Amino acid sequence: MGPLQRGGVTKMNTRVFSYINAWITKLQSRWQTIVIAIPFYWLLLFFLAPFAIVLKISLAESIIAIPPFTPLINFAEGGVLTIRILFDNFIFLMEDDFYVKTYLNSIKISGISTLLCLLLGYPMAYGIVRASPATKNILLMMVILPFWTSFLLRVYAWMGLLADRGTINNLLIWLGMIDEPIRMLYSEFAVYIGIVYSYVPFMILPLYANMEKLDTALHEAAADLGANPITTFLTVTLPLTIPGIIAGSLLVFIPAAGEFVIPDLLGGGNVLMIGRVLYNEFNSNHDWPVASAVAIVLLLVLVLPMMVYQYYQSRKTED
Amino acid sequence: MQRKRSTFLFSVMCFGMAFLYIPILLLIVYSFNYSKLVPVWGGFSVRWYGVLFESEAVWAALMLSLKIAVMNATFATMFGTLAGLALVRFGRFRGRLLFSGMISAPLVMPEVITGLSLLLLFITLNQLIGWPSERGITTITIAHITFSMAYVAVIIQARLAGTDQSLEDAASDLGAKPFRVMTDITLPILAPGMVAGWLLAFTLSLDDLVIASFVSGPGANTLPMLIYSRVRLGLRPDINALATIMILTIGICVVIAGWLMLRKQRQRDQDMQLAAIETLDREF
Amino acid sequence: MSQDIKNDENLWEVPNAVPLIKVQGVTKRFGSFTAVDNVDLNIYKGELFSLLGGSGCGKTTLLRMLAGFETPTSGTITIDGVDMTDVPPYERPINMMFQSYALFPHMTVESNVAYGLKRDGVEKSEIARRVDEMLAMVELSSFMKRKPHQLSGGQRQRVALARALIKRPKVLLLDEPLGALDKRLRTQTQFELMNIQDKLGVTFVVVTHDQEEAMTLSTRIAVMDEGSFVQIGTPTEIYEFPETRYVAKFIGSANMFNGRVTQDGADHIEISVNDLDTKFYIDHGASVRLNAEIWIAVRPEKIIISKTPPEKPGPNQLKGTIHDIGYLGNMSTYRVEMSNGMIVDVTAPNQTRYRSAKHDLDWDDQVYLSWAPSSAVVLQK
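Chains as they are written, first to last, in the working numbering: chain A, 1 to 319; chain B, 1 to 284; chain C, 1 to 381.
Simulated from the structure, these hints should not be mistaken for laboratory data.
Because the structure is a prediction, the values reported are computed rather than measured.
Any given hint could turn out to be false.
[What the hints assert, rightly or not] Here are some, though not all, of the chain A residues that point toward chain C, as calculated from beta-carbon distances under 7 angstroms:
1. L214
2. D215
3. L218
4. A223
5. D224
6. L225
7. G226
8. P239
9. P243
Ideal Cβ placement from N, Cα and C applies to all residues, glycine included.
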């Protein structure tokens, strides 16, 4: 009986242990599931689901009611499902050249602003990388600091500078360079200034991160092999900083294209940008289906640059 | 390292910094202007600060914004940390691509789109389940958490990617269960990132105008909404005073935080150098 | 193995020979830190010259001044008779192989190697021909179209070498050329480097912290410490006749004794070492004063270890017990403790199988040490 009993106990033990083990494993895997699930479902509900609703409403018809659009899915008598999909809103956007012009203008303004940010940001990032360690930290902090202060107030600061009787005009008149104030506020020029001013740190930081990683020996190697500073820049530095240029440009271009505050405060009624049109369509005209359609089209315009950005981000984390 | 003075780089740097800071400096200077017309200097005065402090609307808006910012920062830090942890440490799991896409998309999504879509969601939810019954502090906070957590997740990801997984492996090798590994090793490593994330989420919330104006309801006016409604009609000296207070508060906080971090970094570099010299001395 | 046997003529020994590189009174300061302190150096054509020293000794700074990446605070550097003070790196007849190799990551092996010739505006067909030739020499012809990250460490090292040599520089500077390679690959690459140098007749200046590497490669070695040269000489000179304690300790290992000169003859000196009851007899003269306190060094492999006492007592003999044994396979290191507690290291080849019956040295054995009168060297400081 002895050995048999012992065998039985061992078997029991094994079973209990395997049960406990399974339970622990389950708990552990569930612990991971919880860590993922909370942010995952939050984003699913509050980030992804809303887009489906925007899409749905963009296909509805505007009516005077609360909410001011027709339901997309109606349960008719007998349970027959009738779906009313109206592309009217999109056709409306295409036919009215006001919207087409606004989209094109948004792309033009944010494109040119991105280029200006690059022209200013690239040498600044390069200068920061080349500075001595102590200076480098101070310069970096100076670039990041405006980012922490209110965006709205920084845009407001330019209203005071650019106004007809603002600081710049006052200064120019005082210097005797002009007699009449130049109209700068409420123009495309002011919008360019505002976008470059607000977004240039977004250009500098990815460029800095990119350049900082480059081995200084690469520049020295080029010089050693006979390349003068300009050739070194064109054959080594520039090609190796393309990822930074792309990341920085997208970080400026995408939000700038949908910008609302800057065209509204600095551009006034004279500058057409899609973010502002959308805001007005929604808040002033209460045409929600058209506003939704405007949003969907804007999203389609920006989806390609966003995917490029995503691609570069994921490649960066893989490195 | 070769550090030749480049006149070109130096002048671009000076121009760039002037471009970034002169508007802010002027904003501050004109807040002490007696004149009601902002760009016309009428002598030094702090009268607009008085006007500002007497305004009940400003106080109410400030309190609302601070409340939202604190709640947002706390939740966004929690969710963002979980998300960052999941993306860096859990390897491949089902829905990972969708997850990482949803995490980084809010960073570049134009605010008008986020705002509009969230508002439509809240209206639809209200129709379907009766919640949220009214829009205001709750809806604004939810909206802010949604985009702030993405920023926190990015910070956490960067912090985690920079640390060695073997620290956690060592802890489990020494007998720590997964939960203990998390509390003993992972969280302390993440703590500085979480603090940075909290502060960033706080500022982002305090700064947001567009999304808040979409999802806010009647009566709930955040500080940026109040500022916007005043400045869109033109320059106002009391807004200069408000801007000065906000910019100086945040500026001083950031400079102190940066200085502390810098000092810590320097101390560590010095310690490492000392240690290296000591070893060398011992070897020879 | 030593290079000085192979070369027919050692230019540094020829009076009035014109050096290829002439460093005169060069000092480099970074703020308050002096990296290189008033050094003079002549390097001759065809040499494989090593700058050897620990980290922070100034060897890399000196190399970078030769390349033109740093400007001397004072002093001049002349290469082939031309003063290099105002010549930027990209116009110097010198090329460098970087420690990190610094291969351009966005270019193929071929474009990396061709880079220098392109900058000089060499004709395309000529570039292609010379790139082919160079890659054939470093045996990388089949890797032409690869990017640097698709190569192994050893292959990258050879691309860097090919890229630096393709412009046929008068001098090639090598910064820790073998530092990133594993030990097995190192030995192999050392000999390849020597062959290539021999074939092309280019003057090499190598920076290294690895004394073994310097010993194998060099025609001459300059040992550096705290920004100055401690000793310059052939590997044999440096090893057999170290001038200072720093050199004796840095190159190989040495037992050092502090003693007082008791006899100072024309062909010999005798030293009594503090609290060791033996006399040191050295059969070569040295410029010392009678009764002066001096340091002497004896290399571990020059000492004979035995369990049987010497036939007759005399100078250069010590007695002690084996404190520790380090078995290295081909030989063993014995740490022998003297009566005063001092430890003397001795290495001896393992001619018999270790721990066999005939191999009788063991822990705590009493042993006798002795060495030839020519073995010990007098150190200057």
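Hints, one by one, checked against the model:
1. Of the supplied interface hints, the one on L214/A is violated, with its beta-carbon coming no nearer than about 9 angstroms to a beta-carbon of chain C, more than 7 angstroms.
2. Given hint, D215/A at the interface with chain C, holds; its Cβ is 6 angstroms from that chain's nearest Cβ, closer than 7 angstroms.
3. Annotation: interface hint on L218/A holds; nearest CB of chain C at approximately 5 angstroms, less than 7 angstroms.
4. Restraint check, A223/A versus chain C: the minimum CB separation of about 4 angstroms is within 7 angstroms; hint holds.
5. Hint status for D224/A relative to chain C: holds, with the closest Cβ pair at about 5 angstroms, below 7 angstroms.
6. Satisfaction of the interface hint for L225/A is found here, the shortest Cβ-Cβ separation to chain C being roughly 4 angstroms, below the 7 angstroms cut-off.
7. Evaluation of the G226/A hint against chain C yields a held restraint, the C-beta minimum of about 4 angstroms falling below 7 angstroms.
8. Interface hint status for P239/A: upheld, as the beta-carbon distance to the closest one in chain C is roughly 5 angstroms, under 7 angstroms.
9. Proximity of P243/A to chain C is violated relative to the hint, the smallest CB-CB distance being about 11 angstroms (cut-off 7 angstroms).
Hint compliance for this structure: hints 1 and 9 are broken, all remaining hints hold.
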